[in-house]
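A.B. asks: Residue strings, one per chain:
2 protein chains.
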Amino acid sequence: MTPRRTIPPLARGVLEKDRRALARLMTLVENHESAAEASMAAIYPHAGKAHVIGITGPLGVGKSSLISALLGHLRSKGRTVGIVAVDPSSPFSGGSVLGDRIRLDRAPGDNGVFIRSMASRGHAGGIAETTREVVRLLDAFGMDVILVETVGSGQVDVEIRDIASTSLVVVVPHLGDEVQSLKAGLFEIADVFCVNKGDLPGADGAARYLSEMVSLGTDRDGWRPRVVSASATAAQGISELWEALEAHERFLDEKKLRAGSERVRLGRELVELVRERVGDQLAQKIDDDPQLDRLLAQLQARTIDPHAAADRLFRAFRPET
Amino acid sequence: MTPRRTIPPLARGVLEKDRRALARLMTLVENHESAAEASMAAIYPHAGKAHVIGITGPLGVGKSSLISALLGHLRSKGRTVGIVAVDPSSPFSGGSVLGDRIRLDRAPGDNGVFIRSMASRGHAGGIAETTREVVRLLDAFGMDVILVETVGSGQVDVEIRDIASTSLVVVVPHLGDEVQSLKAGLFEIADVFCVNKGDLPGADGAARYLSEMVSLGTDRDGWRPRVVSASATAAQGISELWEALEAHERFLDEKKLRAGSERVRLGRELVELVRERVGDQLAQKIDDDPQLDRLLAQLQARTIDPHAAADRLFRAFRPET
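Line order of the protein sequences matches chains A and B. Following the numbering used here, the numbering of the first sequence begins with 38 at its first residue and continues without gaps. Following the numbering used here, the numbering of the second sequence begins with 38 at its first residue and continues without gaps.
Just so you know, these hints were derived from the structure itself, not from any lab. A couple of the hints might just be wrong.
One copy or two, either will do: identical chains are not told apart, so a pair holds if it fits within one copy or between any two.
[Stated by the list, open to error] With a straight-line cut-off of 25 Å between C-alpha atoms, the simulated DMTMM-like cross-links for lysine to aspartate or glutamate are:
no.: 1; residue 1: Lys322; residue 2: Glu196
no.: 2; residue 1: Lys292; residue 2: Glu313
no.: 3; residue 1: Lys322; residue 2: Glu277
no.: 4; residue 1: Lys54; residue 2: Glu196
no.: 5; residue 1: Lys54; residue 2: Asp325
no.: 6; residue 1: Lys322; residue 2: Glu166
no.: 7; residue 1: Lys292; residue 2: Asp325
no.: 8; residue 1: Lys322; residue 2: Asp348
no.: 9; residue 1: Lys114; residue 2: Glu74
no.: 10; residue 1: Lys322; residue 2: Glu249
no.: 11; residue 1: Lys292; residue 2: Glu67
no.: 12; residue 1: Lys322; residue 2: Asp236
no.: 13; residue 1: Lys293; residue 2: Asp348
no.: 14; residue 1: Lys54; residue 2: Glu280
no.: 15; residue 1: Lys54; residue 2: Asp317
no.: 16; residue 1: Lys322; residue 2: Asp258
no.: 17; residue 1: Lys293; residue 2: Glu313
no.: 18; residue 1: Lys322; residue 2: Glu357
no.: 19; residue 1: Lys114; residue 2: Glu357
no.: 20; residue 1: Lys292; residue 2: Asp330
no.: 21; residue 1: Lys293; residue 2: Asp324
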């Protein structure tokens, strides 16, 4: 065990379910303030209990409405819910690019819900790391379920599988564009598919088509992705959707796959954090280290190419702490 | 100088303006094939001459139509043009999320144009690096101007200023959402603003508003961003837009800022490439290194937190080549 140190006040606040402490610590994390570090360390042992679900899919498929519907369903069952919106077009993040701003069915003063949208500026990589920490905070805060909404494009910084144990991919009946998106990687990450707007014509066909694709695909550790039709606006299929998501969690437990997948996620996080430290050290040196200065001069003179220069710099790298 | 080695056939093809060699090498680069490395090294000394312009802005502002119009203008002046679409919703990348697929005004068989869309799967970070290399290939191929289209969200992997020497930010007259986007970082990166659809009501107001914001802001090295109204569909303002973009390039040359900004870009690239090598080495070790295994076990037991673990791993890091 880590030595019992004094728990920083903000971390203590989060563990005691103080929403303001939670929000403030999230802000510190988002701004990469060093003041957050001790609190995040103190909080880490208390995280790891929540059911973290990544929700992704192309623009305009109604991810946010579906999240609202899931939220209502979960609250009616007494489950507490954290929502993290990484999608810049999400109404949760205050975006309204597609004009589909929705009303959030959350009773005023309901302490069983906490919604956080990620600032979308951040540098590449930064968002994945920050999202992971925000999810960890909601987890330590005691939320039973955490829904992480991302836009389903390979371009997104957040590789949702690095954060969530279950991935839900949302599509709409008209599959033209979606097939393209599925090809682009969504198919491989889905544990559950939801054909949203299931009351529209073509929904049955889309669900059948997806089920066929799934049955043609290979299992992942013995899990065959489920396909559920739902209509967030008509409040149809929501409990079936939740059942499918829970079934995947049960599957992870029954097959004892949870520890293995957590190890993979923590390993990726660790590698990323070390990469960051290396980058920070080099970025600090770039203005005053004579060796780096020479290398950059050679690059500008085009007498060395970037990969050869990187190989040289990598070989010479020694951590400074 | 690097020793004169045999130039790989694909690289030679690119330098001899063979379009098929160019396309094939781009594919190798996108797939991270090691076969691309020697060619990219051979090509590097021949790049660095093109005028690289990043074009960004929120979804639906008509970036692609504007690029088409700029392309027509540049071709009419005899300039050769490369186009790289990183935006997944771009018609150039075959996407049609917003249904605004456009007709590209390119004469069949015009060898002065080469268009490449980036596969949007790729992992975070991967796209920025690949885009940089694709731009470099178009540059070495001899394109005078290279237009790089990205979606204007901070979420995008590509930090356009790391690739382009001039950044164009496109907005539309109705500024509601755009103001939000501008706050989110677009304002700081713009060398030139284009109010597109300048024939729509509100365009003058938007341009005036932007000009005011610009005049309130601080110069960057003495450059005050230009604001241009244009209508891609009505083919208005395109030559004025091009003049503004060229003015920024002239400014860089006159103030001798080009070398400095190139050095910053190359430095960032170098740091990123070294980070990649560190990540690769650690990722390879994660399955068989006993020290890493112990660290991951402690992380899972929550007796150490990720940042403390990363500090320990970082301090122990030694490059292996």
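A.B. asks: At most 25 Å between C-alpha atoms: does Lys114 with Glu357 qualify within a copy, between copies, both, or neither?
C.D. replies: Neither: 52 Å inside a chain and 53 Å across chains, both beyond 25 Å.
A.B. asks: Is it within a copy, between copies, both, or neither that the alpha carbon of Lys292 lies no farther than 25 Å from that of Asp325?
C.D. replies: between (54 Å within a copy, 23 Å between copies)
A.B. asks: Indicate which option fits the pair Lys292, Asp330 if close means a Cα-Cα distance not exceeding 25 Å: within, between, both or neither.
C.D. replies: between (54 Å within a copy, 22 Å between copies)
A.B. asks: When no copy is named, should Lys293 and Asp324 be tagged within, between, both, or neither for a Cα gap of at most 25 Å?
C.D. replies: between (50 Å within a copy, 19 Å between copies)
A.B. asks: From the Cα coordinates, with 25 Å as the cut-off, is the pair Lys322 and Asp236 best called within, between, both, or neither?
C.D. replies: neither (59 Å within a copy, 50 Å between copies)
A.B. asks: Taking 25 Å as the upper bound on the Cα-Cα distance, should Lys322 and Glu357 be classified as within, between, both, or neither?
C.D. replies: Close inside one copy (11 Å) and across copies (21 Å); limit 25 Å.
A.B. asks: Evaluate Lys322 and Glu196 at a C-alpha cut-off of 25 Å and name the case that applies: within, between, both or neither.
C.D. replies: between (30 Å within a copy, 21 Å between copies)
A.B. asks: Regarding Lys322 and Glu277, is the shortest C-alpha distance of 25 Å or less found within a copy, between copies, in both, or in neither?
C.D. replies: So Lys322 and Glu277 fail the 25 Å test inside a copy (55 Å) and across (42 Å) alike.
A.B. asks: State whether the alpha carbon distance between Lys54 and Glu196 is at most 25 Å within one copy, between copies, both, or neither.
C.D. replies: neither (29 Å within a copy, 38 Å between copies)
A.B. asks: How would you classify Lys322 and Asp258 at a CA-CA limit of 25 Å: within, between, both, or neither?
C.D. replies: between (45 Å within a copy, 23 Å between copies)
A.B. asks: Is the C-alpha distance from Lys54 to Glu280 at most 25 Å within one copy, between copies, in both cases, or in neither?
C.D. replies: Classified as neither: same-chain Cα gap 28 Å, cross-chain 58 Å, threshold 25 Å.
A.B. asks: With identical chains treated as interchangeable, where does the CA-CA distance between Lys114 and Glu74 reach 25 Å or less: within a copy, between copies, both, or neither?
C.D. replies: neither (35 Å within a copy, 56 Å between copies)
Violated hints, in rising order: 2, 3, 4, 5, 9, 10, 11, 12, 13, 14, 15, 17, 19; the structure is consistent with all others.
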